[in-house]
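> Turn these sequences into a full structure, and let the hints steer you where they fit.
Under mature numbering (1 follows the signal peptide of the UniProt record, and there is no 0), the letters of the sequence shown match residues -20 to -1, 1 to 243, in that order.
These are calculated hints, taken from the structure and not from any lab test.
Distance windows between CB atoms, simulated:
| id | residue 1 | residue 2 | range |
| --- | --- | --- | --- |
| 1 | 153 | 81 | 31 to 39 Å |
| 2 | 76 | 209 | 19 to 27 Å |
| 3 | 141 | 116 | 17 to 25 Å |
The calculated EDC-like cross-link candidates involving lysine to aspartate or glutamate, where the alpha carbons are at most 20 Å apart (straight line), are:
| id | residue 1 | residue 2 |
| --- | --- | --- |
| 4 | 42 | 224 |
| 5 | 151 | 100 |
| 6 | 222 | 87 |
| 7 | 134 | 158 |
| 8 | 222 | 240 |
| 9 | 134 | 111 |
| 10 | 171 | 187 |
| 11 | 171 | 237 |
| 12 | 222 | 41 |
| 13 | 171 | 182 |
| 14 | 193 | 132 |
| 15 | 193 | 80 |
| 16 | 222 | 237 |
| 17 | 193 | 237 |
| 18 | 42 | 206 |
| 19 | 193 | 240 |
| 20 | 42 | 87 |
| 21 | 151 | 179 |
| 22 | 42 | 217 |
| 23 | 171 | 143 |
| 24 | 151 | 139 |
| 25 | 151 | 136 |
| 26 | 193 | 87 |
| 27 | 151 | 182 |
| 28 | 171 | 150 |
| 29 | 134 | 78 |
| 30 | 193 | 111 |
Note that CB positions come from ideal geometry on N, CA and C, so glycine has one too.
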Amino acid sequence: MSRVLGLLLLCFGWACPTLANQVSVCENNEQYPPFRWYSQTTSGEQTVQGIGLAVLQHILDKHQWRYQIEFMPIRRCLREVASGQQFQLMISSSRSAEREQQYLFSDPYFYVHFSAYYLESRFPNGIQFTDNLQLRAFRICGINGHNFSMFDLKPENLDMGAETITGAFDKLRRGRCDVFAYNSDVVNGLKYVGWRLSDFPEIRATELSYLPKWPLVMLISPNMPDAHRLQQTINQELAAMKQDGRLMQIIRTVYPETRELQW
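Following this line, the structure appears as structure tokens:
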């Protein structure tokens, strides 16, 4: 899997000048399908796909917002949106106590599911979790810059040294941690970029079904002059799309195996 999408700029409906009713969007440049990944058309043209990208484009196009999208490292994107000077919206993110102080949030446009991944040789009888307290008994692999607050772990339980999902799995396979807890939609989606969990039969998975559904949201800079209007536009359209089924239709166009989501 390519480690970095690279710096990619997409402009829609404009030549990227300064205009009213516009927003500059940034997004993590790591490939995390089904939320973002590179693909090629039959003619060899490289394109970017992703659930959040498709949802946002649908909303902004319908409401005649002009926008540009640039892909960059996640930490830079978070900083840029917090300041609001160059970029005012991040497509794929989640809420945390720290982020509550820095951003406005859209309503959820997807709910992610989590699993714990482990080595069969380490746990030959399998392993099950019924709450986060049980996770704290193990050394957990994390990913630098990603939100792991849903697992309510102490710093000493969490190794955030990996830079990518595949890097975290490599650490797991080398015995650097006991468990890798992560978004199973992304792990399953890696097949779109050529990485399949089934290629590593030594790795087993158990769903963390006790966790409440975890919302995927967009971050909006509170320093953007039209921040609340943009937030209202996105949220009102998301509500309508959930009601009439358009949201699931768009999601399944990108990620056909998505389970039915209860809003």
